[in-house]
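Engineer: For the record, in the sequence shown the residue sitting at position 11 is 10 according to numbering that gives the first Met the number 0, with numbers rising by one throughout.
Keep in mind the hints are simulated off the structure, nothing from the lab. Do not rely on the hints blindly, as some may be mistaken.
Claimed, not checked - Simulated restraints, written as ranges between beta carbons of each label pair:
| no. | residue 1 | residue 2 | range |
| --- | --- | --- | --- |
| 1 | G150 | E64 | 23 to 33 Å |
| 2 | G245 | A59 | 23 to 33 Å |
| 3 | V222 | D148 | 36 to 46 Å |
| 4 | A79 | E238 | 18 to 28 Å |
| 5 | G245 | E164 | 39 to 49 Å |
| 6 | S65 | P45 | 32 to 42 Å |
| 7 | L234 | G132 | 15 to 25 Å |
| 8 | E17 | G68 | 15 to 25 Å |
| 9 | S69 | D205 | 19 to 29 Å |
| 10 | T137 | S75 | 23 to 33 Å |
| 11 | E238 | G218 | 14 to 24 Å |
| 12 | E85 | D139 | 24 to 34 Å |
Remember, it's a predicted structure, so these values are computed and weren't measured experimentally. Beta carbons: idealized from backbone N, C-alpha and C, even for Gly.
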Amino acid sequence: MNRVRAQGRNWVRVIGGEERPTARLVCFPYSGGTAAAYRDWSSALPAGVELLAVQYPGQADRIRESPAGSVAQIASSVAAELSRREPARCVLYGHSLGALAAYETARQLQADGRPAHGLVVSGSLAPGQALGGRMHLTGDAELWSALRDFGGIDPSIADDLELRELLLPVLRAYIALTETYRPPTRPEPLDCPVHCHYNTEDPLVDAARVEPWAAVTTGRTSVRGRPGGHFGVLLEPSELIADITGVLLEGATLP
0 MNRVRAQGRN WVRVIGGEER PTARLVCFPY SGGTAAAYRD WSSALPAGVE
50 LLAVQYPGQA DRIRESPAGS VAQIASSVAA ELSRREPARC VLYGHSLGAL
100 AAYETARQLQ ADGRPAHGLV VSGSLAPGQA LGGRMHLTGD AELWSALRDF
150 GGIDPSIADD LELRELLLPV LRAYIALTET YRPPTRPEPL DCPVHCHYNT
200 EDPLVDAARV EPWAAVTTGR TSVRGRPGGH FGVLLEPSEL IADITGVLLE
250 GATLP
């Protein structure tokens, strides 16, 4: 099964997998992304893995809700919902804004005594490597053009002004969360491994500011760069999914 099960205002959506999973992958979208971005991943994961994805307010079937007010709000809401699910080894993955939300969720889960088994991130500077971006403060036309240039807008809708008016307020709100995010001072380090992916032509990310992800954990870390733009890792996700699968399988007995 690889469809998103609509669940009202719930943050966490079931994409596919087992009712009583041995392991669980939770995916966090980028700014403007939805849970459906991960609907094709289920078939690439091992048996026994439940695939979940986060649906941000203001998006898809939550379009009538106001966007999240902070990365911390996303993390606390998702962690609360995960705590109500049957225990299973849990790996968190996020791209761009989703990477920061996944990290903060991992911190919350660890504080709650349910630490993540691993964190995998892509398209994101390490916490504390401030973007200092002002994209969220630009005018509508400039923001839309910038998003289109680095692949954040489907070319088929790029010239649709009505759709632009509908989408931009939410896009702007979530870009602001990314650009204004600041991690807590001296946060407790994670105990799980952290694996980082980035694309070498990404205008928002560079290796020097990805590598400090190593500082957020006492576990091992890895950094992998490859050609492509900001969304390159998601356009061709096979290497990323293989890395995530390795983390899910580490030390596990799956069917």
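Engineer: Does each hint hold? Answer for all of them.
Structural biologist: How the hints compare with the structure:
1. G150 x E64: 23 to 33 Å: holds, 26 Å
2. G245 x A59: 23 to 33 Å: Holds, since G245 and A59 (Cβ atoms, about 30 Å apart) stay within the stated range.
3. V222 x D148: 36 to 46 Å: violated, 26 Å
4. A79 x E238: 18 to 28 Å: violated, 32 Å
5. G245 x E164: 39 to 49 Å: holds, 43 Å
6. S65 x P45: 32 to 42 Å: holds, 38 Å
7. L234 x G132: 15 to 25 Å: Between L234 and G132, where Cβ atoms are some 22 Å apart, the hint holds.
8. E17 x G68: 15 to 25 Å: violated, 34 Å
9. S69 x D205: 19 to 29 Å: holds, 25 Å
10. T137 x S75: 23 to 33 Å: holds, 30 Å
11. E238 x G218: 14 to 24 Å: At roughly 21 Å between Cβ atoms, G218 and E238 fall inside 14 to 24 Å, so the hint holds.
12. E85 x D139: 24 to 34 Å: This hint is violated: roughly 45 Å between Cβ atoms.
When the structure is compared with the earlier hints, violations turn up for hints 3, 4, 8 and 12 and for no others.
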